[in-house]
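S.K.: Same order as they appear, the protein sequences are chains A and B. Residue numbering for the first sequence follows our numbering, beginning at 1 and increasing consecutively. Residue numbering for the second sequence follows our numbering, beginning at 1001 and increasing consecutively.
Hints listed in this document are in silico derivations from the structure and should not be mistaken for laboratory results. The beta-carbon is built from N, C-alpha and C at its ideal position, and this holds for glycine as well. Just to be clear, a hint being listed does not mean it is correct.
Stated by the list, open to error - As a list, the in silico DSS-like pairs of lysine-lysine whose alpha-carbon atoms are at most 25 angstroms apart:
no. : chain 1 : residue 1 : chain 2 : residue 2
1   : A       : Lys12     : A       : Lys26
2   : A       : Lys25     : A       : Lys12
3   : B       : Lys1066   : B       : Lys1162
4   : B       : Lys1066   : A       : Lys181
5   : A       : Lys63     : B       : Lys1019
What the hints assert, rightly or not - Okay, the calculated bits of chain A under chain B, using three or more residues with CB under 8 angstroms as the criterion:
no. : stretch
6   : 33 to 40
7   : 50 to 62
8   : 106 to 116
9   : 157 to 171
10  : 219 to 230
Said to hold, decoys possible - According to the in silico footprint, chain B covers these stretches of chain A (three or more CB under 8 angstroms from chain B):
no. : stretch
11  : 72 to 83
12  : 207 to 215
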Amino acid sequence: MDELNSFETYFKDVLRRTLSPPWRKKEVVIQLDAIGVQSVPIILFSISFAAVVTIMEYAYHMKLVIQTANMVPGFAALLILRELGCVITALLLASKVGAGISAEIGLMRITEQIEALRLLQIDPIRLLVVPRVLATILSAMALTVLANGACVFFSMLMSISNLSYSMGTYFSAMNRFASFKDLILSLIKAAVFGFVIPIVSCYYGLSCEDGAQGVGRATTLAVVTNAISIIVLDFILTWLFSHLY
Amino acid sequence: MGFLNELGRILIFVGKILKTIKSKSINCPDLSRQIYRVTIQAISITAFSGFFVGAIMSIQFNSQLKEFGALTVLGGLATSATLRELGPLLIAFMLSGKIGAYTSAELGTMRVTEQIDAMRCLGTDPIEHLVVPRFIAIVLSSFILLLVGLLSSIIGGAALGKIVGGLSAQEYFNAIPHFVTGWSIALGLFKCLSFGILLATVCTYKGYFTQGGARGVGRSVISTALITMVGIVVVDWFTSYLARSLEFLWTS
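Taking the hints into account, I'd like the entire structure generated from these sequences.
M.R.: So, in structure tokens, the structure goes:
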């Protein structure tokens, strides 16, 4: 109960400061680089593999259900846009960025840098947490667009080489199912995930205990909590959005 | 080059582990304690997230199949897709945080507080007593955990099939045998096993070779989480590819 209470006050603090200026713009830019730009290669790499597997699996299943590979691009695009693009991006961010944030802030905490900030009358939440929250929301959305693009591109290559589609037929098949609305909804999902990851990670970083063990535990807890919250939130959002499709 | 160096070091480390497993007798109480600990630690989380993964897949396929009035195949399609592909993938992502990050933090802490060096001074082999039990335990228990996760994903899929699609559990489960072949189950199990081996290798390696105090522990946890995730995606692709070629050879 104690942890819950302190998380509640922490969450309210963060929310209040995130919504009200002044924001530290320079910090936000630094974090955008650290969180967004430096995650691009790894996310593109992983998502392209995921795209190839998706097409392979879809082709297999479509052959079972309707005996042809006609609908593969359409269905695969739906799964990519609605689910894979944002969830895999978010899970990768949760481990790369989430673990990074909680280790960094945890180290600050055990080397008493947070207390030093308080002594200097600098609000650690405004300096450390809020820029990370803003930067992660923005980067998660941008990375999701990139990931969706890469995923569609690689699934197109895969369909051309394995299922004898051409570029034109692939896109027209995709167009029949996927719409712009799917992309917008996946951006909303990405924004929610991008909001949760830094809040959870900063919380575990700020409540880190002393020593190497404390940092290890904070980082582990951050990764696990992030992954669970992403899966549960994804379920809730998917359910909500399933009424909108 | 850095990547190749790292890969080589990992292979040498695995070679050492395998040699130790082969030549030394394994301390059974130690091993079973590790298996018990890892499994108990992660089982509720795995079952929980497995349920939601199945549920998500069920909702997604429901909205796709509804347009064609083909809801009767929902159970088979969602279960087959979850077993073959997304279930192992997402649950392994989950475990890479829970087990992988935990183990590398634990071994890393031992390393930076010089407990591993102390063991070596006392004439015991840290690889034999710390790394090997953890390695075997992680391979075995992540296999068990992934199985639990997959089972609960089937339950989650059926529950949401009922809520969203209005299919009774009977109808949902009836469709499963038409789609889920022995190959699919074998592929799912093989994926689970490969993810377990990957996870065990990366987290023991990263934890064992931690350097540089609390900062170093943080760093090895981050790189464990990251390498396992990227590795899982690549292994996932590779096993799917392999299975498809094998299946093709088998049936033709």
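S.K.: For every hint, state whether the structure bears it out.
M.R.: Hints and how they fare:
1. At most 25 angstroms may separate the alpha-carbon atoms for a hinted pair to count; Lys12(A) and Lys26(A) meet this at roughly 24 angstroms.
2. For the suggested pair Lys25(A) and Lys12(A), the alpha carbons sit about 21 angstroms apart, so the restraint of at most 25 angstroms is met.
3. Taking the CA atoms of Lys1066(B) and Lys1162(B), the gap is near 14 angstroms; set against the 25 angstroms cutoff, the hint holds.
4. Restraint check for Lys1066(B) and Lys181(A): satisfied, since their Cα atoms lie roughly 18 angstroms apart, inside the 25 angstroms limit.
5. About 45 angstroms separates the Cα atoms of Lys63(A) and Lys1019(B), which puts this hinted pair outside 25 angstroms; it is violated.
6. With 0 residues carrying a beta carbon less than 8 angstroms from a beta carbon of chain B, the stretch 33 to 40 of chain A misses the three-residue requirement, and the given coverage is violated.
7. Evaluation of the coverage hint for the stretch 50 to 62 of chain A: fulfilled, as 8 residues show C-beta separations to chain B shorter than 8 angstroms, against a requirement of three.
8. Beta-carbon proximity to chain B at under 8 angstroms applies to 3 residues in the stretch 106 to 116 of chain A; the threshold of 3 is reached and the given coverage holds.
9. Residues of the stretch 157 to 171 of chain A with a Cβ under 8 angstroms from some Cβ of chain B number 0, which does not satisfy the need for three, so the listed coverage is violated.
10. Check result for the stretch 219 to 230 of chain A against chain B: holds, 7 residues qualifying (beta carbon to beta carbon below 8 angstroms, three or more required).
11. Under a criterion of three residues with beta carbons nearer than 8 angstroms to beta carbons of chain B, the stated coverage of the stretch 72 to 83 of chain A is upheld, 5 such residues being counted.
12. Here the stretch 207 to 215 of chain A counts 5 residues with a CB under 8 angstroms from a CB of chain B, which clears the bar of 3, and the coverage holds.
The structure fails hints 5, 6 and 9 (numbered hints given earlier, in ascending order).
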